[in-house]
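S.K.: Below are the chains, spelled out letter by letter.
Protein chains: 2
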Amino acid sequence: MELPEKLKSAIDGLSKIPGVGQKTAMRQALSLLNWSEEEIKSLSHSISNLTKLNECQKCSMLCDEELCSICSSADRFESQTLCVVESITDCIAIENSNTFSGKYHVLGGVLNPLLGIGPDELGIDNLFNRIKEEDVKTVILAVNPSVEGDATCSYIKQSISDGVEVDRIGFGIPIGGSLEYLDAMTISKALENRKKM
Amino acid sequence: MELPEKLKSAIDGLSKIPGVGQKTAMRQALSLLNWSEEEIKSLSHSISNLTKLNECQKCSMLCDEELCSICSSADRFESQTLCVVESITDCIAIENSNTFSGKYHVLGGVLNPLLGIGPDELGIDNLFNRIKEEDVKTVILAVNPSVEGDATCSYIKQSISDGVEVDRIGFGIPIGGSLEYLDAMTISKALENRKKM
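Chains D and U, in that order, give the protein sequences. Heads up: the first sequence begins at 1 in my numbering, then just goes up one per residue. Heads up: the second sequence begins at 1 in my numbering, then just goes up one per residue.
It is worth saying that the hints were derived from the structure and are not from the lab. Just so you know, not all the hints are guaranteed correct.
Quick list of the computed label-pair ranges, beta carbon to beta carbon [what the hints assert, rightly or not]:
hint	chain 1	residue 1	chain 2	residue 2	range
1	D	E2	U	N129	23 to 31 Å
2	U	E5	D	S159	31 to 39 Å
3	U	P119	D	S31	43 to 51 Å
The beta carbon of each residue, even a glycine, is placed where N, CA and C say it ideally should be.
All chains, please: the whole structure from these sequences, using the hints.
M.R.: Written out as C-alpha cells, the structure reads:
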C-alpha cells in the first residue's frame, strides 16, 4: 500500500543501517510514533551530531574535542607503552577489559595491497612519528590474526628502530574455550606459545 | 571506557528502539560513522519528520495530509464496506494482501476495562458516525482473536443498527499450516467454520 511519504522515508533511512531490514525498519518507525516528540527530536539530534565527532589528532580514536580522553589523560601509568589496534571497536574492547593503562594508536585497518590499502592509506607514518615524539619504549601490536594482519605487524616491526620493544598480543586457547572444538591453527599456536609453569 | 559524549548519546538514543540493545546500538552508531554526512543528516531528518505525521481525520490511519491515501481515493470500489482493524500495522497487512478494496477504520486498540480502555478511549463513536455518514452497508471486523478482541467485536455489533451487515474475519487453519502443529483452539474454530464443498 501507499505509505505516507514521511513514514516511508524514515523506514528507508532506518533500513540502511546494517542488520535492519525493511520489516524491522517498519516496526521501528511505527514504534517511534509512540515516543514523545521530545524523545524523537533527541534521537534525531544525536544521530545528526555523529557528523560532528572528531578523530583524535594523536591516536585516531573518536572524540568530541581535538584529543581523545585517553590521549589527554594524565592517569595512564604506562605512558611509554603504545598499543596498536586495527579499529575503534578493538580499542574499546581492550579498554573495557581494564588491563592496559598505556596509550592507543588506531590504524583504521590493515595493509591490503589487493584493495589498494598501503602504509600511506593507514597513515602509518603518524605511528612512527608518535613513537619518536612520545619516547615510546614498548609497542604492543594488538592486531587480529589474519594474513593481512600478520603482514601489517611485520611491516611495522621492520620499520621501528631497534631501541623500541615490539610485541604482538598472545594467541592461544581463549578462556572458557575447549580444545575439542578449537581449530587446528589455534591449537598449533597454543602449543607454540606454551609457557613454563 | 569513557566514550565521546556525541557517540554515547547516539548509542543511548538508538538503544531505546525496541529490539536494539546497547551492543547493537554501538555497532549501529559506529557503522553510521562510515556514512556520508548527507546520508546521516537525511536519516536524522526523516526521524524527526515522524513527529509531523498526521492521523487521517476519517480512519485514523497515518498520513501526510488531512486524509490518508485510501480515504481520499476514488478507486475504492467497495466504498460501502468498512474494515475495522486494531492497528495501523494490521491495516497495512490487509492492504498488502491486495484482496480488499473498501475503506478502513483503525481503532488503535481493543476494549480493555482492566487497562481503562473503554469505548471513549478508542473513539468508537467516530466509527458509528462514519457508518451513518458514509452509508456503510457492510462492516468487516478484522480484529485479532483474543478475549478483548472478541468483546470489542460484540460491543460494536450490538451498537450498530440492524440495516448494516456486520461480519468478522474467518478463523481456521492458515494456508501452509499443518494440523499436526496447530493448537486445539484453532482446530476447534476450523471445524466450526467448515464449508460445504
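S.K.: Against the range 43 to 51 Å, how does the distance between the Cβ atoms of U:P119 and D:S31 compare: consistent or not?
M.R.: violated, 26 Å
S.K.: Can the suggested window of 31 to 39 Å be confirmed for the beta-carbon pair U:E5 and D:S159?
M.R.: Cβ of U:E5 to Cβ of D:S159: about 36 Å, so the range 31 to 39 Å holds.
S.K.: Assuming the hint says 23 to 31 Å, is it satisfied by the Cβ distance from D:E2 to U:N129 or not?
M.R.: At 26 Å between Cβs, range holds.
Checked against the numbered hints given earlier, the structure breaks only hint 3 and satisfies all the rest.
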